[in-house]
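S.K.: This is what each chain is made of:
There are 2 protein chains.
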Amino acid sequence: MPQLRKDPIIGRWVIIATERAKRPTDYCFPGAAEKGELNESCPFCEGNESMTPHELYASRKKGTRPDKSGWLVRGIPSISPFLSMQGDLDRHGKGIYDLMNGVGAHEIIVATPEHDTGTYVKNLTRIEKLTEVLVRRIKELKKDERLKYALIFKNHGEVAGGSNLQHQHLQLIATPVTPLRVKEELVGSRQYYEYKDRCIFCDIIRQELQEKQRVFLDIDGFIAMNPYCSRFPFETWILPKKHSCDFYKIGRSEIKNYSKIFQLTIKKLTSVLGNFPYNAILHTAPFRRRKKRGYWETIEADYHWHIEIMPRLTQVAGFEWGSGFYINPVPPEEACRYLKEAKETLEKKSCGKAKD
Amino acid sequence: MPQLRKDPIIGRWVIIATERAKRPTDYCFPGAAEKGELNESCPFCEGNESMTPHELYASRKKGTRPDKSGWLVRGIPSISPFLSMQGDLDRHGKGIYDLMNGVGAHEIIVATPEHDTGTYVKNLTRIEKLTEVLVRRIKELKKDERLKYALIFKNHGEVAGGSNLQHQHLQLIATPVTPLRVKEELVGSRQYYEYKDRCIFCDIIRQELQEKQRVFLDIDGFIAMNPYCSRFPFETWILPKKHSCDFYKIGRSEIKNYSKIFQLTIKKLTSVLGNFPYNAILHTAPFRRRKKRGYWETIEADYHWHIEIMPRLTQVAGFEWGSGFYINPVPPEEACRYLKEAKETLEKKSCGKAKD
Chain A
1 MPQLRKDPII GRWVIIATER AKRPTDYCFP GAAEKGELNE SCPFCEGNES
51 MTPHELYASR KKGTRPDKSG WLVRGIPSIS PFLSMQGDLD RHGKGIYDLM
101 NGVGAHEIIV ATPEHDTGTY VKNLTRIEKL TEVLVRRIKE LKKDERLKYA
151 LIFKNHGEVA GGSNLQHQHL QLIATPVTPL RVKEELVGSR QYYEYKDRCI
201 FCDIIRQELQ EKQRVFLDID GFIAMNPYCS RFPFETWILP KKHSCDFYKI
251 GRSEIKNYSK IFQLTIKKLT SVLGNFPYNA ILHTAPFRRR KKRGYWETIE
301 ADYHWHIEIM PRLTQVAGFE WGSGFYINPV PPEEACRYLK EAKETLEKKS
351 CGKAKD
Chain B
357 MPQLRKDPII GRWVIIATER AKRPTDYCFP GAAEKGELNE SCPFCEGNES
407 MTPHELYASR KKGTRPDKSG WLVRGIPSIS PFLSMQGDLD RHGKGIYDLM
457 NGVGAHEIIV ATPEHDTGTY VKNLTRIEKL TEVLVRRIKE LKKDERLKYA
507 LIFKNHGEVA GGSNLQHQHL QLIATPVTPL RVKEELVGSR QYYEYKDRCI
557 FCDIIRQELQ EKQRVFLDID GFIAMNPYCS RFPFETWILP KKHSCDFYKI
607 GRSEIKNYSK IFQLTIKKLT SVLGNFPYNA ILHTAPFRRR KKRGYWETIE
657 ADYHWHIEIM PRLTQVAGFE WGSGFYINPV PPEEACRYLK EAKETLEKKS
707 CGKAKD
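First to last, the sequence lines map onto chains A and B. Per this note's numbering, the very first residue in the first sequence carries number 1; after that it's consecutive. Per this note's numbering, the very first residue in the second sequence carries number 357; after that it's consecutive.
This is chain A alone, in the form it adopts within the complex:
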């Protein structure tokens, strides 16, 4: 019998088709064309800095200058931004409708100087540098009174909406409003907190660690798990075990531990799924300034930052648009069993060699 499971955070129902479960080899992706060297025509490669808009920030070797070689991580404005940092919000109504100017930032964070699709994950120091740059950038954007949220995400592979540029990069969108998906989560966490006086994410972590069915990594204060109500096959969340609503407040030693579990998670997923397309998103609390307003009073107690990694293995999006329902053919317990056993390697498992 298939199950309908209710996401405890935002109330979304997901159908888990337990009986028609697919094995990960049904989804195994061939490797992308990888190049270890630099690429002459790629604007994100070291040496090609003049092909991009001026650098906004970077993690650089000492003595090197902006827009020149010598960087490990580099932040630049998007070449085709859909938000602009100029001007005021100018919120107003028009009859029944509300609107404001599209003020905000749209930035590209190049994760590695090499054109290789995997380098930044191979090298732990690179992930740490990248995380440090993200933390610094969020702190910087937070000072802009017009902005309410900084959304950091990565679209990997064309299916996942990734651009044609194979060079590994993340995107950052800072907006004057909180994205609906984040807001839904905030509202859900708030309701739970009001009822229980506890953080829902902390409660989930506690139950998952007891049940041992969906957590595949539990190291140095972080866990990686396949959520109970996974919308996608092999959906994976990484959460700090210590309660914290703001990603940017992560400490130096935590950055090391977070980078480690992130690397191991991608390695395990790659070992099972090959070079799979995915969307990864950082979920963190909105910027807060007006301390006294009800909305902000408990956010530090009721929200909990985390990373969501959503492999795009099925044409599920089309169906979801059509039906309003997510249909996930791989129960998270099944995905977790594969990931627990998976080797931590960036070598792709050869397709077609199923375990059972």
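One thing to keep in mind: the hints can contain errors.
Below, in silico cross-link-like pairs of lysine to any residue (SDA-like), each with a Cα-Cα straight-line distance of 25 angstroms or less [to be verified]:
| no. | chain 1 | residue 1 | chain 2 | residue 2 |
| --- | --- | --- | --- | --- |
| 1 | B | K450 | A | Q213 |
| 2 | A | K340 | B | I452 |
| 3 | B | K510 | A | R231 |
| 4 | A | K94 | B | G449 |
| 5 | A | K260 | A | S59 |
| 6 | A | K196 | B | N404 |
| 7 | B | K450 | A | G188 |
| 8 | A | K196 | B | Q566 |
| 9 | B | K568 | A | R91 |
| 10 | B | K450 | A | R206 |
| 11 | A | K183 | B | I452 |
| 12 | B | K510 | B | S415 |
| 13 | A | K183 | B | K568 |
| 14 | B | K450 | A | C202 |
FRET-style restraints, in silico, Cβ to Cβ [stated by the list, open to error]:
| no. | chain 1 | residue 1 | chain 2 | residue 2 | range |
| --- | --- | --- | --- | --- | --- |
| 15 | A | S84 | B | I575 | 39 to 47 angstroms |
| 16 | A | V187 | B | R502 | 35 to 43 angstroms |
| 17 | B | S415 | A | M85 | 54 to 62 angstroms |
Read the hints as simulated data drawn from the structure, not as lab findings. Idealized CB from N, CA, C, for every residue including glycine.
Position chain B against the provided structure of chain A, taking the given hints into account.
M.R.: Leaving out everything else, chain B in the frame of chain A:
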């Protein structure tokens, strides 16, 4: 300056990139391989009824028998259903989590006996027959006390999650819960009603008919419009002008008028976009039984059934998953301008011949 627009119903913000507006010819799709005849290997073609599960309902010529030739519209159970009509809901909790059995219906409604990708839209009587069948089926499912919602949708084209079967068909999913997207809309309409004592959809229709910027068809009690807060290029809604929350209460003469505007809408969209992939969804109120509960008291006053047609012209889904934001490069006013001028034809406009 781009705009952020707030959807008045569910509170979702959409970025409208007014300056980088694309013209519809940038998206023009080549025609799909069309076949006017029947197809030997297609289970949905007339004469191949034995290739499907037993027929549940149909619109048939007099004297013809179920599972034989002689039908115009035919409803069958899905070959790979992810919900089952057997068993009880068995709602229960498991620690923090809630679940229930996946009780429900998953049906295929074959829209035409011919294998032609366009036939059912070409023929007005066919659309009327299809609509009549849908109405009858919803009324039938409504009697099942376990069910709360009947979701009817069409995924057209592979990009939109449509199956490989080119033969025109719709899907019906009946569930014991209300899908989140519908619920969000219900909650939004309720809040508006509580504040204004008016239906938000009625207010939208009134304002749109005054502004004349986003309505491209206004005939016989129905309008077709590109909503103010369109998430997708050429997103189109069809609404009855007369307030009604339940699609299945549509009268006989209304079925004729609805079928006519539906046909004209698809013709106009096809004339501009070619054989475009899309998701179309019927949004109607959930089944109601317990009259006294607060949730049901005002639904007849505050909700308004409608059809949403979402062309899938951009890889927007990937970005939306990644960012939580929809980015629509075609302002609805622009889309509407094209659709107002578009001929009502099912011939595809030849790609590359831009108007300006």
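S.K.: Hints first: check each against the structure and report whether it holds.
M.R.: Hint check results:
Pair hint K450(B) plus Q213(A) holds up; C-alpha atoms about 13 angstroms apart against a cutoff of 25 angstroms. Proximity of K340(A) to I452(B) is assessed by CA-CA distance (about 23 angstroms); at most 25 angstroms being required, the pair is judged to hold. Our distance criterion of 25 angstroms between C-alpha atoms is met by K510(B) and R231(A), whose separation comes to about 21 angstroms. The suggested pairing of K94(A) with G449(B) is violated, with an alpha-carbon distance near 45 angstroms, which exceeds 25 angstroms.
Restraint check for K260(A) and S59(A): the C-alpha separation of about 19 angstroms stays at or below 25 angstroms, so the hint holds. Straight-line distance between C-alpha atoms of K196(A) and N404(B) comes to about 58 angstroms, which puts the hinted pair past the 25 angstroms bound. Note on K450(B) and G188(A): the hinted pairing holds, with a Cα-Cα distance of about 18 angstroms set against a maximum of 25 angstroms. For the suggested pair K196(A) and Q566(B), the alpha carbons sit about 49 angstroms apart, so the restraint of at most 25 angstroms is broken.
Proposed proximity of K568(B) and R91(A) is supported: the alpha carbons are some 23 angstroms apart, at most 25 angstroms. For the hint linking K450(B) to R206(A), the alpha-carbon distance of about 13 angstroms falls within 25 angstroms, and the restraint holds. Restraint check for K183(A) and I452(B): the C-alpha separation of about 21 angstroms stays at or below 25 angstroms, so the hint holds. Among the hinted pairs, K510(B) with S415(B) is consistent with the structure: their alpha-carbon atoms are about 19 angstroms apart, no more than 25 angstroms.
Among the hinted pairs, K183(A) with K568(B) is inconsistent with the structure: their alpha-carbon atoms are about 33 angstroms apart, more than 25 angstroms. Using a Cα cut-off of 25 angstroms, the hinted pair K450(B) and C202(A) holds, with the two alpha carbons roughly 16 angstroms apart. Range check, S84(A) to I575(B): Cβ separation about 40 angstroms, and the 39 to 47 angstroms hint holds. The hint said 35 to 43 angstroms for the Cβ distance between V187(A) and R502(B), and at roughly 29 angstroms that hint is violated.
Judged by the Cβ atoms, the range 54 to 62 angstroms given for S415(B) and M85(A) holds: they are separated by roughly 58 angstroms.
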